[in-house]
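Visitor: Protein chains in written order, with the numbering used here: chain A, 1 to 234; chain B, 1 to 366.
Check each hint, because a few of them may be wrong.
What the hints assert, rightly or not - Stretch-level coverage of chain B by chain A, calculated; a stretch enters the list once three of its residues show a Cβ under 8 Å from a Cβ in chain A:
no., region
1, 11 to 22
2, 281 to 290
As the list claims (entries may be wrong) - Sample of chain A residues with no beta-carbon within 10 Å of chain B, all distances over it, derived:
no., residue
3, G133
4, A156
5, S158
It should be emphasised that the hints constitute simulated quantities derived from the structure, not laboratory data.
Note that CB positions come from ideal geometry on N, CA and C, so glycine has one too.
Below are the chains, spelled out letter by letter.
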Amino acid sequence: MTTDEIARAAMGAKRGTATGAVRPVLEGRDVSFRYDAATPVISQWSARFLPGEIVALTGPSGRGKSTLLYLLGLMVRPTSGQILVDGHPTADLTDAERAQVRATRLGFVFQDAALDPARSILDNVVETSLYRGVDRRDSLRHARALLARFGVERRAESRPGQISGGQAQRIALCRALMNEPRLVLADEPTGNLDRASAAIVIDAFRERARTGAAVIIATHDLALVAQCDRQIEL
Amino acid sequence: MPLAVLREAVAAARAARVASILTMTVVAVLCAVVVLTTGRTVGAQNAIVSSIDSVGTRSIVVRAPASAGLDTGVLWRLANASQISSVVAFGAADDVTNAAFAGGERVSLRAEYVAQPEPLLHALTSNSSGRPVLASPAAQRALGLADGVGAVSSVASGATFDIDGVLELPDSLAFLDPVVAAPASPDPTAPQAVTVLVVVAASSEQVEAVTALVVSMLGVTNPEKVTVTTSAQLAALRGAVQSQLGAFSRSLTALVFAVGAVLVAAILFGLVMLRRKDFGRRRALGASRSLIVALLLTQVAVLGSIGAVVGCLGSGAVLLALGDPLPTLSFVAAAAVLAMLTAVAASGVPAIVASTRDPLRELRVA
């Protein structure tokens, strides 16, 4: 039994369901990626991510944690292998279809928050509503509610340059949760945060996982790893 | 969705102020240069052509003595020809003098026949004869009509005619001066003799064909006594002016738009390169390539429209202030639309480059 299968069995046990009945939110099958022929980054990698689990991707720098995260987020196509979202293969999806999956089912938290410095915090949070094709007024209401939940509602009209790193990461979290994603992908989400801000972020992940979403975190932060359901070492 | 794209494009344009101002400025300058150079040339061309036309580039004058047998029947024969704008015929000269006193200077009065509803020389009025009797300025002076109105009487028949105003003769009919024109109704069943026939072609390009048609339709008994005068040389000059100035304008416009397109493309490339991370983030968060292209093209279309309006209004104001000929409104509108479309077309490649930004490369933190 692989680590992945053990974890899956464990997740099934947690929910009191039969192991075979739980369909992974995300699955990688023999995924390989290389920038060029001489430098393979990911090689024949396989794993499943079940609903409700928080998984830490760990390993030394340069092992491809971030690259794997971008592969799993359908931002990059693997050189070979298959990535399945909710059991559906994604290799044959067009660019527009992959973009639609990213916009509607996935939520991303980038290492440096990646907010648009020229737009307000509120505009940053509702950005994905355009990509999802949803009503902007509804999105604005939802965004304000999320900002309030993470204690940054008073910064709604500020610019990213006027807020702290911890606030920026909370706002990036709000943006990632706007579409109530089935899968949250986070790249070093607590790398630049103090203990209190990091706790807010992990609590948000745990709350999202409780709704049946899978959360995958690439991190070096051992405190964060300790709070995950399982760890995949690269 | 289109409204959401427009809103986002406007917001993105406001966020990238320097690039937006540069794009608007380039399009405004593009429009201004076109209007101030090509537009000015077109205005001058129109003025030259109009001045040539005033000399009578489209007119064909047939002169025939009474013995040649030309009559008003020709008016009906030419009435329905589509290449002909108007036809007027004048009867033989009848000497008249000022009716107010005896022994005044004699001036020719000619009956004026038209078959078209619009007369060649002057507009219809509501007097009893249908159209007013008019005298050329030289005739008015000779008759002693100081205020332009009065009455004349025929030396031969004693018939009296009230003169209602001034007849401005075009250059093509200057040979009739001094003259009093008395409108008369041609009777198709009883043709009356005429000595002068003036035909105006619908366009200067058709003068040659219309001349041939008129000659074939004269129906005179002594063709050798008929003289036909056309303005074919003026028509040729008009054509040359239009063609040469037109070619110059087109070349200049093409050059200006090409330079403008290169500048807009350079600005957009700069914007895309500066905001690589922005486009990478958009891609990562779910923007499709086509959406990013649409966003950038819409952004440029909005900025280009504003720039085009500013450029056209500004250059129009400059031309007005200088008192130079203004191009037509349709020319200015076409220049504005073309400038905007040029900017949009020029931003196509930068937009595609923006849409292919790789999130992995743009967002990864080393």
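Visitor: Against the structure, test the hints numbered earlier, and report the numbers of the ones violated in rising order.
Guide: 3
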